[in-house]
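Going down the list, the protein sequences come from chains P and C.
Heads up, the first sequence is in my numbering, so the first residue is 1 and it goes up one at a time.
Heads up, the second sequence is in my numbering, so the first residue is 1 and it goes up one at a time.
These aren't lab readings, by the way, just hints derived from the structure by calculation.
It cannot be assumed that every hint is accurate.
Here are the computed lysine-lysine pairs in the DSS-like style, where the Cα-Cα straight-line distance is at most 25 angstroms [claimed, not checked]:
id, chain 1, residue 1, chain 2, residue 2
1, P, K22, C, K88
2, C, K40, P, K102
3, C, K88, P, K129
4, P, K133, C, K40
5, P, K199, C, K40
6, P, K102, P, K197
7, P, K241, P, K197
8, C, K40, P, K22
9, C, K88, P, K133
10, P, K197, C, K88
11, P, K241, P, K199
12, C, K88, P, K241
Note that the coordinates shown come from a computational prediction; the quantities given were computed from them, not determined experimentally.
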Amino acid sequence: MESIKVEEQEELHTLSYLDGVKDCIPTLLGYISIGLAMGVVGVSSGLSILHVFLLATFVYAGASQFIICAMIATSSPISAIILTTFIVNLRHLLLSSALAPKFTQYSIQKNIGIGSLVTDESFGVAITKIARKEPINDRWMNGLNLTAYLVWIAACTVGGYIGGWFPNPEQFGLDYALPAMFIALLILQLQTIEPTKLKHYLLLITLMIICMLTFSTFLSSSLSVILSTIIVATIGVVTDK
Amino acid sequence: MISNTSFFLLLIGCTLVTFIPRVIPFLVARNFTISASVEKWLSYLPVCIFTGLIVESLLETGGSNTISINWEALLATIPTIIVAFLSKSLLTTVLFGVVCMAVMRLVL
Numbered sequence: 001m002e003s004i005k006v007e008e009q010e011e012l013h014t015l016s017y018l019d020g021v022k023d024c025i026p027t028l029l030g031y032i033s034i035g036l037a038m039g040v041v042g043v044s045s046g047l048s049i050l051h052v053f054l055l056a057t058f059v060y061a062g063a064s065q066f067i068i069c070a071m072i073a074t075s076s077p078i079s080a081i082i083l084t085t086f087i088v089n090l091r092h093l094l095l096s097s098a099l100a101p102k103f104t105q106y107s108i109q110k111n112i113g114i115g116s117l118v119t120d121e122s123f124g125v126a127i128t129k130i131a132r133k134e135p136i137n138d139r140w141m142n143g144l145n146l147t148a149y150l151v152w153i154a155a156c157t158v159g160g161y162i163g164g165w166f167p168n169p170e171q172f173g174l175d176y177a178l179p180a181m182f183i184a185l186l187i188l189q190l191q192t193i194e195p196t197k198l199k200h201y202l203l204l205i206t207l208m209i210i211c212m213l214t215f216s217t218f219l220s221s222s223l224s225v226i227l228s229t230i231i232v233a234t235i236g237v238v239t240d241k
Numbered sequence: 001m002i003s004n005t006s007f008f009l010l011l012i013g014c015t016l017v018t019f020i021p022r023v024i025p026f027l028v029a030r031n032f033t034i035s036a037s038v039e040k041w042l043s044y045l046p047v048c049i050f051t052g053l054i055v056e057s058l059l060e061t062g063g064s065n066t067i068s069i070n071w072e073a074l075l076a077t078i079p080t081i082i083v084a085f086l087s088k089s090l091l092t093t094v095l096f097g098v099v100c101m102a103v104m105r106l107v108l
């Protein structure tokens with residue numbers, strides 16, 4: 001028993017920045033395709049390449065960047081764009097809440113650094129590793145986060161450059177990279193669950209679908225995701241024995 | 001076109017509203033010990049959020065309180081789920097999903 005603990009400790013210690021970079025690679029196709037599309041859309045909405053670059057660098061949120069561009073194109077007021085961005089990104093509060101307890105032993109600066117680069121995908125990769133009871137540490141997380149961040153900025157900027165002559169990215173199914181990634185992350189998550197709990201999880205998934213279909217009829221889809229998640233996760237706790 | 005001043009105001013605002021929700025849980029978690037039930041609640045988040053995001057991608061929200069199913073996405077989603085189950089690989093699933101969608105758009 002003790003030797004296993006020592007081994008785990010060693011692994012925790014030796015898990016490097018480069019391991020994080022490697023674990024990021026499967027998600028990169030998603031970042032690249034969506035980022036390119038983002039750059040193309042940005043330039044066609046009247047932004048300059050510098051604007052596209054700055055949005056990718058500071059906002060760093062795919063769905064929000066698309067919505068910002070769409071709202072700029074329709075000349076929406078700045079306050080409305082900021083509010084919409086806030087709502088679309090509010091789910092990061094939930095993602096970070098699930099990850100944060102694993103990083104409490106590190107300094108505040110490190111926590112801010114890790115938190116500020118959390119995305120759906122980096123969260124998915126990290127939480128899958130945690131669910132498989134594999135160790136994670138700060139260097140690994142930074143490798144994962146920074147790789148995704150730099151590739152995203154590069155993809156958005158390149159998309160801005162080729163915006164004028166890039167053919168419709170949808171034609172190549174690239175817009176489906178993101179939903180496909182969510183499917184993979186969900187299935188990988190389910191495959192780590194003990195067989196005895198699977199029924200409970202399938203019930204929660206069914207409830208999520210029902211909640212989404214209900215709330216989407218009168219709320220924005222991103223608010224529906226947040227509200228459904230809060231309700232169903234609570235039902236999960238109450239119905240868990 | 002958007003003026004540079006408006007753009008920078010927008011950039012600052014959007015940076016803050018995306019930065020704050022990401023970072024606050026990391027600051028809060030340091031100062032509180034998390035109770036068992038909260039921990040349990042957090043453990044249900046991944047499955048719920050990913051299900052929510054997948055359903056979101058399958059819906060087309062019309063302007064006037066109506067939703068309809070994006071059949072194209074639903075048709076690509078079913079084989080993609082099967083491939084995810086069999087391959088247990090993020091990259092394989094994403095590549096398959098993209099090719100599947102491209103082929104469907106070519107055929108349909």
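### Query
Which numbered hints does this structure break?
As far as the earlier hints go, 8 and 12 are violated by this structure, in ascending order.
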